[in-house]
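Participant: So the sequence lines, in the order shown, correspond to chains D, E, P and Z.
Residues in the first sequence are numbered from 0 upward in steps of one, following numbering that gives the first Met the number 0.
Residues in the second sequence are numbered from 0 upward in steps of one, following numbering that gives the first Met the number 0.
Residues in the third sequence are numbered from 0 upward in steps of one, following numbering that gives the first Met the number 0.
Residues in the fourth sequence are numbered from 0 upward in steps of one, following numbering that gives the first Met the number 0.
Because the hints were derived from the structure by calculation, they are not lab data.
You can take every hint at face value.
Calculated cross-link-like contacts (lysine to any residue; reagent style SDA-like; alpha-carbon spacing at most 20 angstroms):
#1 P:Lys171 with P:Lys211
#2 Z:Lys211 with E:Phe229
#3 Z:Lys171 with E:Phe229
#4 Z:Lys171 with E:Pro232
#5 Z:Lys171 with E:Arg227
Not the full set, but computed from the structure, chain E residues with beta-carbon under 10 angstroms of chain Z:
#6 Gly124
#7 Trp161
#8 Val288
#9 Glu299
#10 Leu304
#11 Leu311
#12 Ala319
Predicted, not measured: the structure shown is a model, and the values here were computed from it.
We put the CB at the ideal spot given by N, CA and C, even for glycine.
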Amino acid sequence: MITLAELRDAADKAFPADALRPARDAGWALIAEMGWLMVCLPEDDGGLGLGLDTAAVLAGALGRVLAGAPLVPALLGLDAIVAANGLADRAGWIERICGGAYIPLNLLSGRVEAGANGALTGVIGGVFEADMASHIVAGFGGAYRLIPLDAPGVAVIERSIWDESRRLFDIALTDYQPDPALLLADGEAARPMHDHLAPRAHLALAADSLAGAQAALTMSVEYLQGRRQFDRPLAMFQALKHRCADLKVRIAAADALLWARAADPAPVPTGAMKALACEVYSAVTEEAVQFHGGIGLTQEHHCHLFLKRAALNAQLCGSADTLNAAAGRAALAT
Amino acid sequence: MITLAELRDAADKAFPADALRPARDAGWALIAEMGWLMVCLPEDDGGLGLGLDTAAVLAGALGRVLAGAPLVPALLGLDAIVAANGLADRAGWIERICGGAYIPLNLLSGRVEAGANGALTGVIGGVFEADMASHIVAGFGGAYRLIPLDAPGVAVIERSIWDESRRLFDIALTDYQPDPALLLADGEAARPMHDHLAPRAHLALAADSLAGAQAALTMSVEYLQGRRQFDRPLAMFQALKHRCADLKVRIAAADALLWARAADPAPVPTGAMKALACEVYSAVTEEAVQFHGGIGLTQEHHCHLFLKRAALNAQLCGSADTLNAAAGRAALAT
Amino acid sequence: MPVRASASAPDNAPVITGAMPLPLGRGGRHEAAMSADQNLTRLRSDLRAWLAANAPQGWRAAAQSHAEFAASQRAWFLALVAAGYAIPHWPAKWPGGGRSLAAQKVIYEELAAADTPRLLLSFVSTYHAAATLMECGGAAQQARYLPAILTGETWCQGFSEPGAGSDLASLKCRAVREGDHYIVTGQKVWSTMAQYADKCLLLVRTSSDGVKQAGITFLLMDMKAPGVTVRPIHQIQGDEEFCEIFLDDVAVPVADRIGEEGAGWAVAQATLASERGLTLMELSYRMRGAGHRIAALIRDNGLAGDAGIIRDFGAIMTRVDATCALADRFLENRMAGIEAVGDASLVKLSYSRMLRDFSLLGLRVGGMGEQYRAPIVFGDLNTGNWMADFMNSYAWTIAGGSDEVQRGIIAERMLGMPREPKGWAA
Amino acid sequence: MPVRASASAPDNAPVITGAMPLPLGRGGRHEAAMSADQNLTRLRSDLRAWLAANAPQGWRAAAQSHAEFAASQRAWFLALVAAGYAIPHWPAKWPGGGRSLAAQKVIYEELAAADTPRLLLSFVSTYHAAATLMECGGAAQQARYLPAILTGETWCQGFSEPGAGSDLASLKCRAVREGDHYIVTGQKVWSTMAQYADKCLLLVRTSSDGVKQAGITFLLMDMKAPGVTVRPIHQIQGDEEFCEIFLDDVAVPVADRIGEEGAGWAVAQATLASERGLTLMELSYRMRGAGHRIAALIRDNGLAGDAGIIRDFGAIMTRVDATCALADRFLENRMAGIEAVGDASLVKLSYSRMLRDFSLLGLRVGGMGEQYRAPIVFGDLNTGNWMADFMNSYAWTIAGGSDEVQRGIIAERMLGMPREPKGWAA
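The task is simple: from the sequences and hints, build the whole structure.
Facilitator: Have a look at this one:
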């Protein structure tokens with residue numbers, strides 16, 4: 000087996016901090032080769048059965064370098080299939096995924112209606128890198144199902160997004176006849192499936208966000224150290240130092256919460272934790288562009304890529320407004 | 000007549016900036032002597048008929064020095080009487096007030112119920128310096144009425160408040176039989192009365208707040224100039240300079256809005272303007288205590304008095320949450 | 000000074016003494032002022048009528064390609080020139096010139112209220128180039144260049160350099176005199192709309208002796224001259240409002256020098272002082288005018304019943320009102336000649352933070368919808384493409400004296416706090 | 000390093016290589032760790048049982064006069080001494096001592112969870128005085144002073160001075176040796192609970208030569224000695240947690256000097272390092288425990304349906320959770336010996352800002368109700384008297400190294416940004 004620290008070292012070597020935006024397909028191949036999809040897979044299913052903190056370590060390693068390789072959606076898709084005990088050929092699906100087949104979960108909601116004949120029409124949003132997927136795990140309308148992307152009535156449509164580090168797709172269904180054998184959960188089983196996936200999604204997105212935030216802060220401090228104005232390094236200006244320090248505090252607190260939840264996600268909902276992580280990511284990147292001055296305004300510098308990824312992360316699997324309200328209601332009820 | 004600039008000069012001389020917390024009764028006598036209650040009174044009623052900006056100038060002069068003399072409640076009480084055209088002996092009331100009789104408006108809502116015989120029981124909050132009042136103008140339950148404080152069933156109860164610069168009272172009614180002759184407005188007339196008084200109240204409170212905010216910032220900058228640490232004046236630390244500058248910007252913008260509304264309050268509701276002014280006052284005083292360090296924590300320094308007045312102002316005539324929501328609904332409707 | 004009550008004051012009225020120096024309470028306005036007011040009212044109604052017939056429609060949709068944007072900017076500028084509204088700040092001998100600052104304010108208020116395109120492409124020409132030529136240029140230079148502005152000759156500014164940032168005077172672009180030409184080599188950056196410019200206001204270093212300001216010379220450069228290369232800067236939201244200018248042995252005639260050699264820094268101050276506060280007023284008004292975009296998004300996204308969103312919307316729009324009021328007050332103080340040191344920084348900083356927060360509210364209300372990349376509107380700030388608007392707001396928090404520079408000015412020159420020490424031993 | 004799949008991995012599973020150095024994934028715990036865990040579990044259950052029977056009730060209502068507050072603090076401390084929970088950080092030879100940091104953490108967690116009074120009055124005694132005596136004191140000093148702490152002898156700290164602020168080493172309080180006494184004259188300030196103290200840890204200046212740290216000497220002073228005057232500082236919320244101490248020719252025996260003359264600065268560092276991060280963890284937990292006060296206020300004031308309030312409450316409680324997690328992590332890193340420079344500042348700053356924001360939310364939700372002055376609870380931080388709590392939060396943003404000082408430490412020592420220049424030419 001492997002410790003968390005070893006995994007972190009391995010991830011750092013596979014996706015070194017100074018090589019931003021590693022090529023998606025090579026990154027995905029590396030992920031598959033390293034066996035990262037199997038890290039959290041239960042031992043009974045052929046995996047290592049490690050905790051959610053390992054998934055967070057890997058998500059962070061990819062977030063830090065703005066990777067396009069879609070490990071997070073893939074792990075969530077796998078989680079859904081693992082949790083679908085009644086799925087026909089469940090072991091086969093797991094085997095194929097661990098072998099590198101990409102079957103992501105959608106990270107935005109769908110607007111799909113069922114026709115009289117049970118055929119589905121509508122749009123499922125938030126599918127990352129769908130061009131490399133054979134199927135998706137689609138959660139919408141109180142059910143989770145596998146959908147083959149080459150089935151009749153299924154169209155894969157790329158959506159242009161501001162985030163330049165990833166590619167996002169809609170899956171459009173037109174009178175798509177769902178295969179009952181590919182149903183993962185519906186009715187009463189859909190809620191436990193959601194509650195199983197939600198903390199995993201929130202932890203992974205928070206890890207992506209906080210690793211990105213730390214990278215953006217490090218990049219900013221380095222820039223301020225190197226850039227001189229009025230005959231001194233910008234990093235010598237106390238107002239900038241204090242703003243960097245405040246950002247560091249916010250990252251540290253959100254990061255501590257992330258790892259506390261990753262070690263033990265059970266006691267409370269994780270949504271507001273993810274919202275906090277994304278709020279910190281946005282705050283850090285907003286300041287990072289300002290710290291970089293003119294060059295931060297241009298596409299010649301990488302700074303804006305963090306800003307854009309932060310903005311998208313904030314919308315995935317629940318916005319801050321939604322998630323904080325849920326946390327507030329929960330806190331009020333206790 | 001008198002210009003705004005002259006009035007400001009006169010107010011500055013009457014309540015000089017370096018004499019904080021002038022004695023209430025002497026201040027009130029000075030206000031009456033200077034004729035400040037007549038400044039906004041219509042010429043037909045024997046006043047100068049000047050605009051609301053003059054009332055704001057006077058309110059600011061008192062706010063700046065944390066005065067206890069209750070000009071603002073008095074002006075609002077007078078405004079209500081002036082607008083009550085049907086009031087018996089209206090001219091007599093105006094005459095007595097301009098002669099120094101203190102008849103304040105309540106600046107917090109009342110919880111009063113009417114019995115079967117029309118007698119009133121309950122509490123009217125937010126009456127400043129009621130110990131020097133003969134009557135109050137009480138707005139509650141869809142009506143405005145004059146209430147003599149020595150009438151049967153009327154009790155004047157001082158409430159201990161954090162703000163040490165003013166004294167606040169409840170008026171408790173117990174089977175109080177209101178005098179129909181002292182009714183200023185009810186039914187359909189109460190709404191116009193409210194809409195007449197609200198901008199006047201909001202402008203005056205905003206003026207009190209922003210003058211206090213500027214005074215607290217000035218006091219802070221002077222402290223930072225004089226206090227040395229690590230072999231230099233605190234005012235030389237850039238982080239503190241930038242925070243002072245940000246506060247100055249916030250004061251300047253809120254102040255510009257105040258005077259724009261004071262010159263022409265008609266076009267939009269003024270509540271959110273008051274909320275902004277109080278938000279700025281609170282922000283400045285919160286920082287002011289921090290800038291003062293240890294001494295700011297003690298009652299030996301005046302800094303905290305601004306903090307406390309700011310906190311109370313924020314609750315008078317509508318909280319920020321209430322007033323901003325109203326502004327948002329109004330902006331949404333346009 | 001106590002105020003005097005009217006004669007009808009009762010006997011028990013307060014003791015009243017003192018003088019009554021002015022006839023009326025509200026500012027003591029004179030006949031002349033009344034007449035000026037009437038002129039402004041007429042200007043406003045004339046302009047409104049003209050705009051009703053002539054304001055461009057659908058320009059935002061058109062301004063989604065650079066070529067169409069530039070074309071529409073040129074056409075709108077020439078229309079305003081013809082109607083006499085393009086150069087109200089020029090002297091009276093020019094068509095539509097000679098207007099008071101109050102009249103200029105009316106014009107920009109109405110242009111904003113009618114939601115016309117901002118005059119972005121011609122801005123450097125009618126303000127910076129014109130002021131430089133009028134205040135510091137020779138007669139021949141004025142005759143050559145000023146009329147051409149009104150027929151569409153476009154200027155850009157070559158002041159900033161990479162590595163200099165807010166420390167403008169440390170510029171390095173080098174000019175060497177050879178006969179009746181200067182040979183210029185170096186690089187400029189953050190030059191607004193330089194890709195469309197015909198001419199350039201250029202600061203160069205002709206000497207490295209003495210303080211860094213002393214060796215700077217001011218040239219008028221032809222952007223079509225050999226050795227000039229313009230490269231638009233790809234901004235993070237996809238616009239290309241700014242350019243880099245590369246200068247490789249560009250020959251500029253000595254006749255196109257403004258002022259003496261080495262006196263360019265003073266000329267540049269005149270250039271930069273030419274805009275007198277109208278821009279931030281206009282932009283603040285335009286922001287307020289764009290409030291309906293957030294309102295519509297709140298309704299469209301089903302958030303009209305969300306107490307938190309509604310409250311934040313109300314607070315933001317109130318702060319926008321305050322930003323407008325501050326810009327108004329600034330202009331009024333300028334008109335009254337009572338502007339204080341640092342006032343301009345208050346307005347700039349207030350606006351730039353507001354622009355950021357305004358776009359952030361749009362981004363929040365828009366939710367995921369704002370993360371899909373939509374076409375941007377070139378040269379506009381409150382377009383309703385909130386992610387683009389948010390990123391574009393950095394142009395105001397960084398350029399033209401960053402927020403940090405403005406804070407320093409306010410703290411030091413307005414609040415009287417000590418200046419940043421010059422001789423730091425690190 | 001790729002990870003190895005289990006033997007049941009299918010043939011088309013990814014290529015797997017590499018070592019497997021540790022037996023188990025989640026940290027490779029040993030038998031000893033398992034045993035320590037069991038001890039902690041037993042400590043926790045024992046303490047819970049004891050607290051269920053012995054935790055003081057109604058102490059907040061009692062702690063509204065100073066005398067009752069001091070009496071209840073003394074009684075509670077002595078009860079904890081007797082039960083063996085008061086000095087877990089002392090060596091094992093003391094009753095209840097010799098506990099690991101993990102065990103100390105358990106104790107403070109449970110004391111917080113049971114909502115017992117904070118150990119404010121005895122804090123300087125059991126941490127600062129004890130550490131100073133144990134690490135730097137002589138045998139006679141230890142014998143005289145350490146046992147007395149457990150019977151209730153109370154210490155205060157005489158470090159800070161007016162005018163020094165965060166620049167502690169610039170202290171001026173002067174001690175002159177006369178025979179076998181030091182004669183001390185000067186003033187101390189911000190001395191917590193000095194009005195109840197029997198003894199004082201005193202920093203004095205015995206020399207003005209050399210760097211300012213070099214002339215400092217550390218004395219143990221009797222607060223009942225002639226010439227000692229204590230004046231409580233009236234805090235803005237009405238508490239008197241801090242005092243001024245005036246020293247007028249106070250004679251302190253040379254036998255009560257800790258360390259050599261002039262070596263006091265190093266002793267003071269040992270004093271200040273004695274608290275190892277438990278306080279901020281305990282306080283963070285107590286803040287989280289007080290969340291129900293805001294929840295109750297939301298319900299009582301009819302705001303449970305207000306989307307904005309509910310959302311802000313959720314966000315604040317999440318940040319409180321994060322503050323707790325950061326304090327936890329800090330302690331865990333200390334236990335693991337991997338604390339980094341600046342970590343303590345992160346925890347302090349995170350907590351102090353959170354305390355401010357937490358009380359501000361209470362103030363907002365409470366509305367006008369919070370503006371009426373209500374009795375304060377001495378020595379408590381999240382009392383539900385939100386205006387008092389808000390003002391009390393400044394004790395954390397200003398004292399113990401202000402927020403500004405912490406930011407400097409984080410920027411310089413953690414982020415590696417340049418230090419504030421020493422030789423400023425203004």
